[in-house]
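Novice: These are the residues of each chain, in order.
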Amino acid sequence: MQVPLSWYLIVAAALFCIGLYGALSRRNAIGVLMGVELMLNSVNINLLAFWRHIEVATASTPAALSGQVFAIIVITVAAAEAAVGLALIIAVYRNRRTVAIEDVDMMKL
Amino acid sequence: MSIPQVTVSHVVFVILSAIALIGALGVVTTRNLFRAALFLVLSFIGVAGFYILLEAEFLAMVQILVYVGAIAILIIFAIMLSQRLMAPGYKASNEQWLWALVAAVALFAALAFILLNVGWPTAEASVPQGTVAELGKALVDPDQYLLVFEVASVLLLAALVGAVVIARER
Amino acid sequence: MDFILNFWVEFGAWVGGLLSNWGLPDWAVNLIADFLGVLILVVIGIMAVLIFTPMERKVIARMQDRPGPNRVWPYGLLQALADAIKMLTKEDIIPTHADRALHMLAPLIVAIPALLVYAVLPWGPGLIGQDLNIGVLYIVAISTIHVLAIVIAGWGSNNKYSLLGAFRVVNQLLAYEVPMVLCILTVVLFSKTMSTQGIVEAQTIPYFVTMPVVGLIFLICAMAEANRSPVDLIEADSEMVAGYMVEYSGMKFAMFFIAEYVTMFAAAIVISTLFLGGWKFFGLEDLAPVLTPVIVFAKSVFVIFCMLWFRATFPRIRFDQLVGFAWKFLVPLALVNLMLGALVVKLTENIWGQAGLMLLGNVIVIVVTFFILNRAARRMKEAPALKRIVAVER
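Chains as they are written, first to last, in numbering that gives the first Met the number 0: chain A, 0 to 108; chain B, 0 to 169; chain C, 0 to 393.
Certain hints may be false.
Unchecked claim - No more than 30 Å apart at the CA atoms, straight line, and that leaves these computed lysine-lysine pairs for DSS-like:
id	chain 1	residue 1	chain 2	residue 2
1	C	57	C	89
2	C	345	B	136
3	C	159	B	90
4	B	136	C	191
Claimed, not checked - Stretch-level coverage of chain A by chain B, calculated; a stretch enters the list once three of its residues show a Cβ under 8 Å from a Cβ in chain B:
id	stretch
5	13 to 19
6	37 to 46
7	75 to 87
The hints are simulated quantities; they were obtained by calculation from the structure and are not laboratory data. Don't be surprised by glycine CBs; every beta carbon is placed ideally from N, CA and C.
Pulled out of the complex, with its shape left as it was, chain A reads as follows (with noise of 0.2 Å):
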């Protein structure tokens, strides 16, 4: 018998909503990108627990592999933007020599 799919997404929304925390209250800037990144693999367990377990009609229909494909998709955005975001903290570090988010609050020094 399979796993079944309610467990695989109560596990994602766990992992989203310790994610959440993580992004709501941590002061450090890369402790929130970390949280973003919890977020974002919790929804590919959701996409690919879905595609898994729902039921397609043939391999030929373009949905048949969507679930595989948002989630490469997803991944690769998630990693474009974790290197934008880092690129971000080093240049506001540079110039504010802090990466606390509550100290970065306004426009100009």
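Mind docking chains B and C on chain A? Use the hints.
Specialist: Frame of chain A; chains B and C shown alone:
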């Protein structure tokens, strides 16, 4: 309701979810940022295990290659380059951590309630269509996902150029 | 006679039969059989260290016209054992303000990716740890965990020189991973499958004959991934002492070296699988399937001999030259080969036609590359002396 038979996949699922959730909890609670990055790597590996259990092994390898091999290293480098000002006496959580905790727990309760009470279409999962060859063909087929593929590559190029320009030393 | 010829497969079946005859349930038989398989693979990996440490020192010594280690047993063949005993008796030091957990974690996880690779290497028609249908992608993905272990080692030593050494190593490893993946893609184009067993079975002609340039690029990248000379700045005593390993002593230091040799052996077997035909040897594998592990071992020993030959011959390359070589030379070359491979695969379906066209394409690539390098070298020679020094420095 009959007690479901416990198979190896159930045991493996429990172990993997323990790994992923312990990693995630470690990320958001530990004060040392480098250890938080290592817990994040643990969580990523747990999630890759989930993908293998869901019979999407190409995704699992891509997850390890991209997340563990690239994003985690990026995060660790960023931590090393900006570490000096986070002294040990610094608090890791800001002053609204309690409200964030309440929000996260409330959201989890709501989601769990919904997820357990919806009758999911319990299709006995068919053999998943898609070997890696099918996936490759789907990504470059004009009738399927070619546009998505091209847009994603342009996005990656823009992110690459942008990251290099933003983080450049003047 | 049949039992002898098909020895390994028959032996596996016999062990399985023995276990189930003892009355164990089905899942226990599977578990024990898998566990035994894992044990054998790990032992093979560690034996690589014992065999190749003295082999390396003797071979390089003979190339340098000196005897090499010859005190331990006849011809110094048990030298690795003597080294191991020495390492075990050394004091275990942890630097004062270093993060203890991280300092002890790094040697633990540095050898794991190298050993995990052995699970998908084929030793014969039925002899493989697990025939994943994404075998080579698994190998590439697992190698990226090695990078993480090095970063942890560099950071956990609380020493800015080991941190800088770790940065350099990560730079080198990530730079050489890109041409490696492009070469693997070219091989997968021709064999139409990512499973290692499938790649071996698709090689009626070894891919090294079909695409020598791709094989050479992969060899260079594999050597750089294993941190072997001439790209071993980390271990060079005249560079940052021992780079990220400088604060480690005793058995932890030995773990890093074990990891390097295990990686080297795994890389050699991967090269012999992808490019030299794996367990095939002109039909010998059909006559006597028991000899296929010997064939694989012989081919990988040959590849390791080539790596040692490189080490004994070339001087060390400077770090910026090394990274520039990867990005500016190997990546365009690998991309050109990939496009050439895609073109050839589409032009004809016949295996011999594909092989011939790809060989022709590779020869053209070599000729054009030499032509371009020749012109660049001549232009640099005609430049005035000061500009030449500045150009080399950049």
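Novice: Has the stretch 13 to 19 of chain A got at least three residues whose CB is nearer than 8 Å to a CB belonging to chain B?
Specialist: This one holds; 7 residues, not fewer than the three required, reach chain B with a Cβ under 8 Å.
Novice: Hey, residue 57(C) versus residue 89(C), does the alpha-carbon distance stay inside 30 Å?
Specialist: Satisfied, since the Cα-Cα distance of roughly 25 Å is no more than 30 Å.
Novice: Is the listed coverage of the stretch 37 to 46 of chain A by chain B valid when you require three or more residues with a beta carbon under 8 Å from a beta carbon of that chain?
Specialist: holds (count 4)
Novice: Does the structure keep residue 136(B) and residue 191(C) at a Cα separation of 30 Å or less?
Specialist: holds, 13 Å
Novice: Take a quick look at whether residue 345(C) and residue 136(B) sit within 30 Å of each other, Cα to Cα.
Specialist: holds, 15 Å
Novice: Within a Cα-Cα threshold of 30 Å, do residue 159(C) and residue 90(B) meet the stated pairing?
Specialist: Since the Cα atoms of residue 159(C) and residue 90(B) sit roughly 25 Å apart, the hinted pair holds (cutoff 30 Å).
Novice: At a Cβ distance under 8 Å, does chain B reach at least three residues of the stretch 75 to 87 of chain A?
Specialist: holds (count 12)
Checked against the numbered hints given earlier, the structure satisfies every one of them.
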